[in-house]
Amino acid sequence: NAGVMQNPRHLVRRRGQEARLRCSPVKGHSHVYWYRQLPEEGLKFMVYLQKENIIDESGMPKERFSAEFPKEGPSILRIQQVVRGDSAAYFCASSLGVLGNEQFFGPGTRLTVL
Amino acid sequence: GENVEQHPSTLSVQEGDSAVIKCTYSDSASNYFPWYKQELGKGPQLIIDIRSNVGEKKDQRIAVTLNKTAKHFSLHITETQPEDSAVYFCASLSRGSQGNLIFGKGTKLSVKP
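Residue numbers (our numbering), protein chains in the order written: chain A, 1 to 114; chain B, 1 to 113.
Hints may be right or wrong, so weigh each one.
Claimed, not checked - Cut-off 16 Å, straight-line C-alpha distance, at most; resulting in silico cross-link-like pairs (EDC-like, lysine to aspartate or glutamate):
hint, chain 1, residue 1, chain 2, residue 2
1, B, K112, B, E83
2, A, K44, B, E2
3, B, K37, A, E40
If you are wondering where the hints come from, they were derived from the structure by calculation, not from laboratory data.
Generate coordinates for the entire structure from the input sequences, incorporating the hints supplied.
Shown next, in the form of structure tokens:
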């Protein structure tokens with residue numbers, strides 16, 4: 001069984017461009033989480049989604065960032081008008097349920113903003 | 001807000017020795033504590049977890065202990081091997097949360113052959 005898949009693995013954007021990060025959860029998992037990791041830091045929660053619903057976006061910047069998890073297809077994290085401070089590794093995790101259910105992480109997308 | 005402190009930030013041991021990493025959490029409502037191993041350039045991999053109704057859990061060379069009163073939990077790796085070298089993260093999940101894990105800042109473990 002395939003685990004969490006993310007693409008692209010590496011993404012380079014110039015300031016002002018848009019970045020789209022994709023995440024396909026473990027088959028059968030309907031809960032998706034996005035985390036951001038800065039160099040030498042732990043992971044910081046951004047957003048939690050279920051199919052077609054945003055459940056908790058308390059960790060996501062109010063501007064330029066958006067996320068979706070459509071009925072069909074992968075979850076998308078979208079960053080508009082990227083700035084150098086957006087450079088980080090973005091990880092997606094999925095779980096079968098919520099409380100106390102293991103979250104399995106993908107390999108991440110490393111975003112570099114020039 | 002909820003906070004997780006992790007120590008030490010770096011740990012170097014000789015192959016065959018034991019390694020211990022400690023974390024403390026602030027939210028007394030936390031009830032789930034996973035540990036992740038992250039190798040260079042990869043995503044975090046769940047290695048063991050413990051729930052608040054259990055004080056200790058063991059899986060081969062890895063064990064985790066939880067002290068709810070003191071609000072701290074620890075990862076113990078025995079008979080370390082070079083392939084154990086990685087960054088280890090502790091995390092906690094609050095009973096009142098929507099599912100977002102709060103992570104420590106990580107411990108870089110180096111096992112010298």
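Going through the hints against the structure:
1. K112/B with E83/B: With Cα atoms ~10 Å apart, K112/B and E83/B stay inside 16 Å; holds.
2. K44/A with E2/B: holds, 12 Å
3. K37/B with E40/A: holds, 14 Å
In terms of the numbered hints stated before, the structure departs from none.
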